[in-house]
Amino acid sequence: MTALLETRELGRAFGALQAVTDVTLAVEPGELRAIIGPNGAGKTTLFHLISGLLPPSAGRVVFRGEDVTALGAPARCRRGLSRTFQITSIFPELSVLENVRIAVQLKAGGNFRLLGGRAQLDASERRARESLAFLGLEGRADELASTLPHGDQRLLEIAMAVAQEPELLLLDEPTQGLSPEDTTATVGVIRQIAKARHLTILLVEHDMDVVFDLADRITVLHFGRVIAEGAPSDIRANAEVQQAYLGTVA
Amino acid sequence: MRGRWLGALALVALAVAPWALARHQLSLLTDLLIFGLFALSLDLIMGYTGMVSFGHAAYFGLGAYGSALVLIHFEQPIPVALLAGALLAGVIAVPVGWFSTRAREIYFAMLTLAFAQLLYTVAYKWRDLTGGSDGIAGVPKTTLYWGGPSVAGPHAFYAVVAVSVVLSLIVCRALVASPFGRALQAIRENERRFISLGRDPRVFKLTVFVIAATFAGLAGALFAPFRGFASPEVMFWVLSGQGLMMVITGGIGTLVGPIIGAMVFILIQEILSSYTEHWMIFTGAIFVLMVIFLPGGLVGTARRLATRA
Numbered sequence: 001m002t003a004l005l006e007t008r009e010l011g012r013a014f015g016a017l018q019a020v021t022d023v024t025l026a027v028e029p030g031e032l033r034a035i036i037g038p039n040g041a042g043k044t045t046l047f048h049l050i051s052g053l054l055p056p057s058a059g060r061v062v063f064r065g066e067d068v069t070a071l072g073a074p075a076r077c078r079r080g081l082s083r084t085f086q087i088t089s090i091f092p093e094l095s096v097l098e099n100v101r102i103a104v105q106l107k108a109g110g111n112f113r114l115l116g117g118r119a120q121l122d123a124s125e126r127r128a129r130e131s132l133a134f135l136g137l138e139g140r141a142d143e144l145a146s147t148l149p150h151g152d153q154r155l156l157e158i159a160m161a162v163a164q165e166p167e168l169l170l171l172d173e174p175t176q177g178l179s180p181e182d183t184t185a186t187v188g189v190i191r192q193i194a195k196a197r198h199l200t201i202l203l204v205e206h207d208m209d210v211v212f213d214l215a216d217r218i219t220v221l222h223f224g225r226v227i228a229e230g231a232p233s234d235i236r237a238n239a240e241v242q243q244a245y246l247g248t249v250a
Numbered sequence: 001m002r003g004r005w006l007g008a009l010a011l012v013a014l015a016v017a018p019w020a021l022a023r024h025q026l027s028l029l030t031d032l033l034i035f036g037l038f039a040l041s042l043d044l045i046m047g048y049t050g051m052v053s054f055g056h057a058a059y060f061g062l063g064a065y066g067s068a069l070v071l072i073h074f075e076q077p078i079p080v081a082l083l084a085g086a087l088l089a090g091v092i093a094v095p096v097g098w099f100s101t102r103a104r105e106i107y108f109a110m111l112t113l114a115f116a117q118l119l120y121t122v123a124y125k126w127r128d129l130t131g132g133s134d135g136i137a138g139v140p141k142t143t144l145y146w147g148g149p150s151v152a153g154p155h156a157f158y159a160v161v162a163v164s165v166v167l168s169l170i171v172c173r174a175l176v177a178s179p180f181g182r183a184l185q186a187i188r189e190n191e192r193r194f195i196s197l198g199r200d201p202r203v204f205k206l207t208v209f210v211i212a213a214t215f216a217g218l219a220g221a222l223f224a225p226f227r228g229f230a231s232p233e234v235m236f237w238v239l240s241g242q243g244l245m246m247v248i249t250g251g252i253g254t255l256v257g258p259i260i261g262a263m264v265f266i267l268i269q270e271i272l273s274s275y276t277e278h279w280m281i282f283t284g285a286i287f288v289l290m291v292i293f294l295p296g297g298l299v300g301t302a303r304r305l306a307t308r309a
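If you read the sequences in order, they're chains H and G. Residue 1 is where the first sequence starts when you use the working numbering, and the numbers rise one by one after that. Residue 1 is where the second sequence starts when you use the working numbering, and the numbers rise one by one after that.
Calculated directly from the structure, the hints in this document are not laboratory data. Note that beta-carbon positions come from the ideal geometry of N, C-alpha and C, so glycine has one too. Hints may contain errors.
[Stated by the list, open to error] Simulated DEER-style distance windows between Cβ atoms: (1) Val238/G - Ile87/H: 18 to 24 Å; (2) Gly65/H - Phe99/G: 51 to 57 Å; (3) Tyr107/G - Glu167/H: 19 to 25 Å; (4) Glu191/G - His150/H: 45 to 51 Å; (5) Ala10/G - Leu144/H: 37 to 43 Å; (6) Ala123/H - Arg308/G: 34 to 40 Å; (7) Phe287/G - Gln192/H: 50 to 56 Å; (8) Gly116/H - Glu105/G: 30 to 36 Å.
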């Protein structure tokens, strides 16, 4: 089976700081892969390199067999790579429904219809409502996104990405700042999405319980390098991983 | 629903104005409508896309010169002059927008200001074409179409302006509700999110910048025959700044608000300047108070009160 996403010796330096070094990984279709690592391990930088928000200083990104290294974030999204952000990134003064609808519209095209476009708006709205219902947000469709509680805003961001029907969903710390109950709910939702939509998911996570609960495979980053990769049980038993975590928790 | 009634009421008021108002009042109303259109066009980029342009007067001025030149040298009917003015503004906005939209926020504002001052200088220095600091005087109000009735009378020209402004408002309202308009609002709300949802915002920004400039050009193209002249002052940064104040006074991102804002802004100026030469102190103070006590402008505040009631 060929990998859906591959990174080859991917690296990124910010001045003298080498945030990501030599990261080579392959995500298979249908896989739920987690990237973990202590603070400052380069997880979010790696995500930006994969989604195209940052250009790499070394290496390649290959998505669905195509070298997408030179493409920007918009082009990668249109090829089937949707993402969420560590710090919730939504359209605050638009309605919950419009947040998701615009995600559908931007991916689908026809964005330069200057007048009219009623049928197009209706079609994207239907898909947006499906996605909202899937995440249990249909009751809040008409509220302003900024008025949602934090947990629902996190879910809204996932709804936007899911509504784009991507091949690969990148989730950057989906449980960031959530209460234990919301975390459990979100984990359930992610599992459900993966199953119902046959999505390949790559997620960055801080919460170890979430990761060991969800992931098929885990990649461990430390100081920008991959120090281990394997099934959750292997990672749990890995001495180097334990040391990396214990070493930073002073 | 209430909004629809108010809209209908405003249309009726515009329709009966020529009979209800004295000649100088109708002339003032024509003026208000022209600047209302100018403020409306600025709201497209400022209110709906979140791009604060500090050089919007340049396109008003280009429209004025374009229309003045067509009317003076070719004596074409008014619609041709309006088209020429609007197109000239839109065409010049393409390169300016192409450069300016590479920057964001304050840098975008500074670039638009720099380009506007550059265009102002061209209008000021290119004496052969623009008449330099004297501008172009004696711009005629020609006819409605070739061999058609004259629009030189105050009633007829008022009708041309009122119809142009109402049609522009209708088109702009459709524009902001279209898929394109919705995308603009998403850019305003969160550009980074927009990018990661699959589109490059620059093309959208450039397009709306050109559209806004075209409508500003239309306003300028109405202004030149109405006042009978086009001069560098209408391209000066002071008018760009006043445009921002009109939009904020009326209600940013409401389209109809900036039209009302322009009217209120100019009316206050008219009234105060007939009492004191220091009127700017008072308009400044009124503006400060409005921003503090009426966030969302006149229309934004009215809507808030209406939903609360």
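Structure-based check of all given hints:
For Val238/G paired with Ile87/H, a C-beta distance near 41 Å fails the hint of 18 to 24 Å. For Gly65/H and Phe99/G, the hinted distance range of 51 to 57 Å is not satisfied, since their beta carbons lie about 38 Å from each other. Distance hint check for Tyr107/G and Glu167/H: the Cβ-Cβ separation is about 37 Å, which falls outside the suggested range of 19 to 25 Å. Checked against the hint of 45 to 51 Å, the C-beta distance between Glu191/G and His150/H comes to roughly 22 Å, which is inconsistent with it.
Between Ala10/G and Leu144/H the Cβ separation comes to about 28 Å, which falls outside the hinted range of 37 to 43 Å. A C-beta distance of roughly 35 Å is found between Ala123/H and Arg308/G, which places it inside the suggested range of 34 to 40 Å. Between Phe287/G and Gln192/H the Cβ separation comes to about 54 Å, which falls inside the hinted range of 50 to 56 Å. The beta-carbon spacing between Gly116/H and Glu105/G, approximately 32 Å, falls within the hinted interval of 30 to 36 Å.
When each numbered hint is compared with the structure, violations occur for hints 1, 2, 3, 4, 5.
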